[in-house]
Each structure stands twice: as structure tokens, then as C-alpha cells.
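There are 2 protein chains.
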Amino acid sequence: MQNNAAIISIGNELLNGHTVNTNSNWLCGRLLTVSIPVIYNCDIGDDIEEIKNAIEYASAKADIILITGGLGPTDDDLTRNGIAEFLNVELEYHPEIEEKIKKFFAARNYLMPEKNKVQAYLPAGTIEIENNLGTAPGIFYKSGKKIIAAMPGVPFEMKQMFDGIILPKLKEISDGDFLVVRKIRCIGAGESTIAEMLGDLMNRDRNPLINCTVDYGIITLHIVAKAKDKKTAETMAQKDVDKLRGILGNLIYGFDEQTLAEVVGQKLLGGKKTLALAESCTGGLIAKMITDVAGSSRYFTYGWVTYSNEAKISELGVEKSLIEQFGAVSGEVSQAMAAGARKKAGSDYAIAVTGIAGPDGGSLSRTFCTGQDTKDSHFNKDISKESLRQDDMLQKVRDEKKPVGLVYISIADEKGVDTEQFLFGHRNRDFIRLRTCQNALNLLRLKLGD
Amino acid sequence: MQNNAAIISIGNELLNGHTVNTNSNWLCGRLLTVSIPVIYNCDIGDDIEEIKNAIEYASAKADIILITGGLGPTDDDLTRNGIAEFLNVELEYHPEIEEKIKKFFAARNYLMPEKNKVQAYLPAGTIEIENNLGTAPGIFYKSGKKIIAAMPGVPFEMKQMFDGIILPKLKEISDGDFLVVRKIRCIGAGESTIAEMLGDLMNRDRNPLINCTVDYGIITLHIVAKAKDKKTAETMAQKDVDKLRGILGNLIYGFDEQTLAEVVGQKLLGGKKTLALAESCTGGLIAKMITDVAGSSRYFTYGWVTYSNEAKISELGVEKSLIEQFGAVSGEVSQAMAAGARKKAGSDYAIAVTGIAGPDGGSLSRTFCTGQDTKDSHFNKDISKESLRQDDMLQKVRDEKKPVGLVYISIADEKGVDTEQFLFGHRNRDFIRLRTCQNALNLLRLKLGD
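Going down the list, the sequences are from chains A and B. Under this note's numbering, the residues of the first sequence are numbered 1 to 450, in order. Under this note's numbering, the residues of the second sequence are numbered 1 to 450, in order.
With the rest of the complex left out, here is chain A:
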């Protein structure tokens, strides 16, 4: 039988809405790389009895039990005790662990607080997993095929411990089919549309299995290929990747873990081009996304967050009269921002955005868009780039009468400026800002070509 795993995440904060559990998700992905499927995750509270019960339940289902959280120094950290209860053993004091904790503090010119001493206790019969990044040691237990590994809840400590010590151990014992997962990242069409384009390829009994997930405007297709050996699984997955490329064309922006900002960055770098950004409603979020990518300083040079009209005028050279005539949220101002940014930065490309992210703003229109389909976003195409060159096109409407979710995105290059209008409907501020960024990066991607 193939090994499988269950993940138990411990902490009251996971059950009272205080903390989103990102650890279990990360561990699932990591376990997949060694073909150990996770059959379930659960979150439970800081309670010895609950911890014991959860381990019992998981132990009946899975060989490998990964636990995160509850190893800290405070009185609500009870994972040590829960494991001891499950194993029916006492906690044992390890002076050598206390020494390490003391050294950890000493290296920072601190004395170890008395509270941290509890971290030097482990259930009898378990061994310490070293923590180089914090004070909480992990706990490792193995008996026959059963493995229990408890790690700190702090993500970077957990990750280093898992990758450095636990994953190599699991690799040795993994004996199942090889799973290879490839991801195809799309933008510009909704989930249903993509599913219809794929047809039978998404059947549930197919191998590779193709799953579909949505994250704001990004649709990800997960191709999960299963075979007796890794190479076969890889070939099967690659075949599907090629098939999907043929079907989805430039709806595909990237593969695997690529972000839109990475893809755009690679294209800029490849063409030795530079980018400037002029953001109003997104308030720095596009710049943040671009600079999330290591090495982005090679193509991203100048960014402006021109949140006020004055900043648009003084920093980007937008004509005051343009703002007065059309309002700050207008295709005309967006266009002038992009042109101004490109000129001032001396860059090859510039993106500008201006819009109403809400919650304040008027309600001229209650039109919605699904937020998943570029075509939907373009239903007002009649006043987009083609017609923006006509001065008399838009009425002089004041910004406060414009609807929340109205956004203009402009891309400037050597040939001029293209501007598109989007209406992201009465969604929340985060949604509108994020979708604006995704569309801005996607417009630049399409402009940069292959």
C-alpha cells in the first residue's frame, strides 16, 4: 500500500477566525513532490485531549502524520503534551536542548526567558528535530511505518525544518506511484468557458486528471499525471500541457508557479526593455507585484503612486485642464499618466491606472461584470481605445458620479498609448484593485508578445 499522509494543525487561532492556515497547504504541495498524497487536513484547538484524539483519528487513516503548531513557550502550547498522551508516555527534560535555546537568545544579546524552558521537554521515545531559526524544537517519532512529525506553527521555521530534515526522511520511504503535477495559468476567460474549451479532457476518470481552480481573474489548470515511474508521468503531463497550449492559445500566460509579474518581467528582460508605472487606484500594488520578483530592478526603474491630482500634474505632467474636463478617473487622464510616466522615466513601456476602488464613489451604473472574463470587462468597448482619440466622446462628468469599479488602464510604448476601460462592478476594494493589477499586467503581456 502506498504511504499517505494526514496533516493536523493546532491552535485556537485556527478555529476562531484569527489566523488563516497556510501551513497545511504548503505541506500538501511538498508531500506531492515525493508522491505522498494527503488524504485530509484538520484544524483543532489548543487542547490536550483534542490533540490526542486528532492523532488517533489520523493514525487510523494515514501512515504519516504531520503536525504544526503548539510548540511555543506559552501555556497554550500543548502539542508536546498531546503527543505524550497519544503515546502514553511522560515528557522528558533534555538539558542539551535548553542549552541550544539559551544560545539562540545569547546570539541576540538576550537571556532566555524562563518560559522557554518548557521547549526543552519532549515526549519519551521521540527525538528532537533541530530548529535553526527559532526556539521551538520539532518532535519526531517513528515506529514501523508510522511517522509523527511535529513542527512549529511559524511558517518559515516549519518550512526550513520540513525541507531540511523531514522531507529527506519521507523520500526514503515513499513507495507509491509517481505523481507529476503541472499547472497552466490562464487569464482572459472564465472557468466555464475554459472547461467547455477543454471538453472531455476534464473527465474525472482520466489520467492525467485535469483540475481547475480560480483565484480572482487567474484560472489555473492542474494536470496531475500518475504512473509507475517518474519519467512516464512527466511525459504524460507534458503531452497534456502541449495539448492545452493548442486549445487555449494566449489565454495561457504561464506555467507552474509563474506569476503574471514574472512572465512580464521575463519578456521585458528578454527584450532588454524597461518599465515605468504610474498608479492611482491601485496605490502601489502593481509596483509591489513587479518587485515581488527578484531581479526586477533590471527592468523596473521608476514608479509613481499619484494618489492626488496634484501628484498627477506635478510628477507625471498631466494637464490640469484634462483633469478638470474629464475627471481624474477618465481614459484621457489615464492616457496622459502613461505618456508622462514613460517620458519622465525614459522607459520603453509605462503602465498607468486610474479608477474608483471604492467604497466611496457614485452609482451611475449598476452594471456588473463577472470579473473572470476579459470580454465581460470590455462590454463598454465603444468608449475604449478606438474612440478615446475623439475629444468629444465623453461628457464632462465629475468623478464622484462615476461608479465604483470603473477603471482605466493605459499602456504606453514607442507607438503611443492604448487605453482600455473596465467596470469591475460593485465588488469590494481589494477585488477591484487586484483585478485592475491583473488586467494591467495582462495587457502589457499581450503587448510584449511572444
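Be aware that a few hints might be false.
[What the hints assert, rightly or not] A few chain B residues facing chain A, derived, Cβ under 7 Å:
| hint | residue |
| --- | --- |
| 1 | HIS18 |
| 2 | VAL20 |
| 3 | LEU32 |
| 4 | TYR40 |
| 5 | ASN41 |
| 6 | ILE44 |
| 7 | PHE178 |
| 8 | GLY246 |
| 9 | ASN250 |
| 10 | LYS288 |
| 11 | GLY303 |
| 12 | PRO359 |
Derived by calculation from the structure, the hints in this document are not laboratory data. Treat the numbers as computed from the prediction; the structure is a model and nothing was measured. All C-beta atoms, glycine included, are put in the ideal place defined by N, C-alpha and C.
Following the hints, complete the assembly by docking chain B onto the known chain A.
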């Protein structure tokens, strides 16, 4: 007996590391507002049998079962079927639901894809929960004290459905103790230090119970007060809040859901002050945080992302010689950036940051800091603000020899510029950027006073 709840999240993507489950966390927080404790969350795959088993297990533990995910139109959406299996009933076609779905598409100038017809089926004996934001209707089942409510996995659809329809139903049946949760948000000391300051207040059998969670530099204390009536619970919680204020002083930056950016924004607004930002290594992230706050345009006017030396010189008026002498990552340049931004924006305050977020950069020092304690961050205080006024203080060192994680933060106001040096150790890019932003906002908060 008090009602309690279990949450089942469905989707292969939750078990293979593709999607972080934020829904269950949000639902936990919401349930707490009506005093329904969540006893466990679990994530399972898109599999009818697994869904049925999970509902059976949850049903043995909890009266209220909330399910998210698996209601979409694609073949891997099997929640309808799983609930039908659990209830041992057939799926029934509802023409009126199909009509709604068709209308949803028609309003967007689309025909309903054939795939979506499956969403018009519900397990017999259950009723539709209307979805105004998407095509997937929810499923509601009630029998005696048992409630099963299935909602879409798309967060904004799920949230609207829960708050609009399910929460009011749950309010009616909630009969337990009242729980009141207050949160105290701290920055500037680590978890252990704060726990020691609180002492017995963190005992596990205390009511209110005080829990502690860490999110990068932010330490949150959760005060959970339990009483027979809401007013008593509120009074108990407030008493603890006051007690903790006395103990923690200005380590507390805010309460409940307040972010640092919100608190800083309120202080700026209250004092009718404006802010400009000049960011290098954080690449727009401080601006993003500031503008996450609705209404931030009232105090945030100008932002620069000066990722290149040229931008620092041309946009912020940093002397080229300063960069040549001290490097772009230096207290001197940080100081000049802040002064330049404040002057150019005509703002009351300006924040500037420059640093090495990595992964590239030298390795002059392998010094670490815990990233949770401001004091730790200041161990190199000897070359911070006090001494920055001495020109001969820093050697002329080239930036590439400086360690990853070295960051300078400056705050400019009418009196001048204060600059602090931080060393965030060999952590990852995201960590360094986020901690830089938190510290920058915190330095401004402390400067703004009460």
C-alpha cells in the same frame, strides 16, 4: 447543550497545495460572533465517498455543518452528490434554478454554457440558497437541530451567501454562552517577552482566556470572554483590554481588526497631516498598505517607487555623490530620500526606505535578528540616527558587499529626518520586505504620538 459547528472544505486543490483555504477561517470568525464555537475544520478532496464520510464524521461531532466548495459546473464539483449520498436521496432538477442561472449569463450578454445546467440540481429534501453573485446555488438542509449548509468555494460568493442568508438562521438557534473576543495588536517585542509581561493572565483556565498569535512582527493577543449574557462578557473583555493597555503601553498599536496602516492613517487624519512615501526595496508595498485603507487619499498624496539610482536622483533630488560615496543602501541616501520626498510632495511627513531584500547581495555579516523584537533590530544602533550626522562614520562600502536584509528607514517631518538601521538577517525577500514595511509604519506611528 450548546450548538457547535464543524466546517468541511471540499476540493482537490486544498490537498495538493494549490489553494490556501481562507474560507474556513472566515467562517470560524463569523460563527464566533453568534457564539457558535467551531470544533474542527477539515479539508477533503473532490470525491463523493470522501464527502459523504466527512459529513458523517462531522455530524457525529457537531450540530451545524458548513460546507464550502464543489458546487461549480465542472465534473470535479461533487458536493451536490456527496450530500445526496449522505442523505440517501436522489438529485432533483429545479427548472426555476436553471432560469436564474440563464438570467445571470444573459445579464452579461452570454448564453448559459450547457455545463452550468448541473447547478440546477439539488439533493431531494434540501432547498436552494440563492447566489446573487455567481451561478452556483447553495444547498440548505435542516432536520431537528441538525443543519447542513453548502456554499460555493469562491470566497466572495460564499461570504455574501453566509452573511445574507445562513448567519441570520444560525442566530435564531444559538443558545450557548456569549463569547466576546477582543484583540490587542502589538509590535515591538517578541511573543515570549509579551507572555512574560502578562504572566498569570495567560493561564489556560482563566476566563477571559488570553491567546497569543504571531504574524511576522505583529503579535496579537486574543481576549476571549465567556458569560451567560453578552453585556457581562463585553465588560469582562474590556476590563482585560484596559489591564493589558497598562502593562504593554505603546507596544500596543491597535485593537481588533485594526492594521498598522489604518492606525497611522487615523492619526494623520486626526492631525490633518499628509504623508509621502519614497520606497526602494519595498517596491510599493508601503503604498499598497497605506492605500488598502479606504479614504487614504485624504492624507496620502505622493508616492515614489525609486527602484533605480536615476529615479532616486531625478525624482527625489538625492545627490548623485551621496550614492557614489555611501551606496544606494545607506542611511545617508535613505535620509536624503525622505527629505526629498517630503519637500517635493509638500507633505507633513515622509517615509523613505532603502535596503537589500535579496536574494542577491553580499554577505558581509551573517548576523540574525528574530524579526520580532525592535530591540533586536537595533543591535547596530551605533550607526543609526545619532551618529548618521557624522560624515566620516560609515566607510565607503559598495552596496553589493552589504548583507541581504540590511534596511534603512527614515521618517522626515518639519524637525528633520530620523533614520534607523535594521538587519533582518538571511530571511527571504517577502519576509524582509514585509518586516521593513511594518517597522516603517511603526516608526511613523510612534512619531505621530497619541
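Cross-check of the supplied hints:
no., hint, result
1, HIS18, "holds, 6 Å"
2, VAL20, "holds, 5 Å"
3, LEU32, "holds, 5 Å"
4, TYR40, "holds, 5 Å"
5, ASN41, "holds, 4 Å"
6, ILE44, "holds, 5 Å"
7, PHE178, "violated, 14 Å"
8, GLY246, "violated, 20 Å"
9, ASN250, "violated, 21 Å"
10, LYS288, "holds, 4 Å"
11, GLY303, "holds, 3 Å"
12, PRO359, "holds, 5 Å"
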